[in-house]
Amino acid sequence: MILLETDIKNKVLTDMLSLLDQNRKQLLAANQKDLDAFASDDRALYDRLVMDNHKIDGMIQALKEVKAQEDPVGRLISERTLDNGLKILNKTAPFGRIMIIYESRPDVTIEAAVLAFKANSKILLKGGKEAHHSNLALVDCWHQALQANHLDKDWISYLQLNRQQTQEFLKNPTQKLDLIVPRGGEKLIAFVKEHAQCAVLVSGRGNNFLYVHPDADWDMTKQVIVNAKTQKISACNALDKILINKNIPHFEAKVKFLVQLLKENNVSVMSSTDIQSITNVLPIESEAVWHEEFLAMKACVGAVDSLDEAIEKINQYSGGHSACIMTNAEPAAKTFMEQIDGAAVYHNASTRFTDGGQFGVGAELAISTDKLHHRGPLGLKQLVTNKYYVFGTGQIRK
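Read left to right, the sequence shown gives residues 67 to 464 (our numbering).
I should point out that these hints are in silico values taken from the structure, not numbers from a laboratory.
Values in this document were obtained by computation on a predicted structure and should not be read as measured data.
Idealized CB from N, CA, C, for every residue including glycine.
All clues stand as given, with none of them false.
Label pairs and their calculated CB-CB ranges:
hint, residue 1, residue 2, range
1, Q135, A214, 16 to 26 Å
2, D340, D244, 44 to 54 Å
3, K253, Q382, 19 to 29 Å
4, T72, K242, 18 to 28 Å
5, L202, D340, 44 to 54 Å
6, L69, N313, 53 to 63 Å
7, E260, D407, 18 to 28 Å
Please build the complete structure, drawing on both the sequences and the hints.
Here's what the structure looks like:
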């Protein structure tokens, strides 16, 4: 693959900044077509679909941030000279061609493409049908910026495929793929894993837990829970499950208060059997609910006897995304954070912070819940692989 000069990449991004700002009216009109055709009662999906001036401002900001970042390609990772005189450099290198499959969110069309392009990888965008007009309008801007700088449009391609065609493309791609990133629910991830012929980086599944230890600051706990659950239900870092230690002072009163607080914030509450005897809320119907990511104003409240039980339950059921412990005990927090198997672990803070921008990474391709090659927000620096450069003077191995 041709390595583009950093200046050329940044010129494309400069043109893209202007195009997004100048074409606001057209972008909003395209998005309105998608909103008018939206035929689902899925509030989270609808929230993700909306592209207003605030969203466009966010896209512009993402472009600015990536443009300002150091080019991630060709950075020296390590250097050594062997006893036989071989000089070995390890440098960052592009992936090659990345495919991202996502639902609803038009802003992914900007963030995924800008990261891949600055990282010198070509990208295939497979957006959902619900954002068809929005995505085409944004990709047209990309193509104008590329052509203005004498670059081929295939650096950023948009695939208009139905489910069957996508399945066939994954099984028999018409061009070499190096990485596929599915951003969506478990059905989408399972679909991609089943059919893909290259590496798949799993992203986006939340089902995040918060555990309340006996010595937690209760006022702080209430504030964190409400924020994590209600501030943005369509985000993969939103809270779904709350575990309360039975040894917390005034356990029953606090459980009742918490359930009432959630209800006052329009959250539908389900509870385990041990909580059912305290509050009159819906029961958790099956074990499958503990595995479920809601993306809705729903939450489960359960009780545990110990920190160890909380850790075991979270590791069994969570999506490996984000988990929080509310406690004033540093040893308990340390144990929790070390033993929870997740991309981000929190002590006394909302899970809503698991985000590239909030973590200082900038725009993100995804929140990876995989362990290879990176976990957590996948930003520009993480969107490269590596390559060894070996320099010799005729050395042979004996």
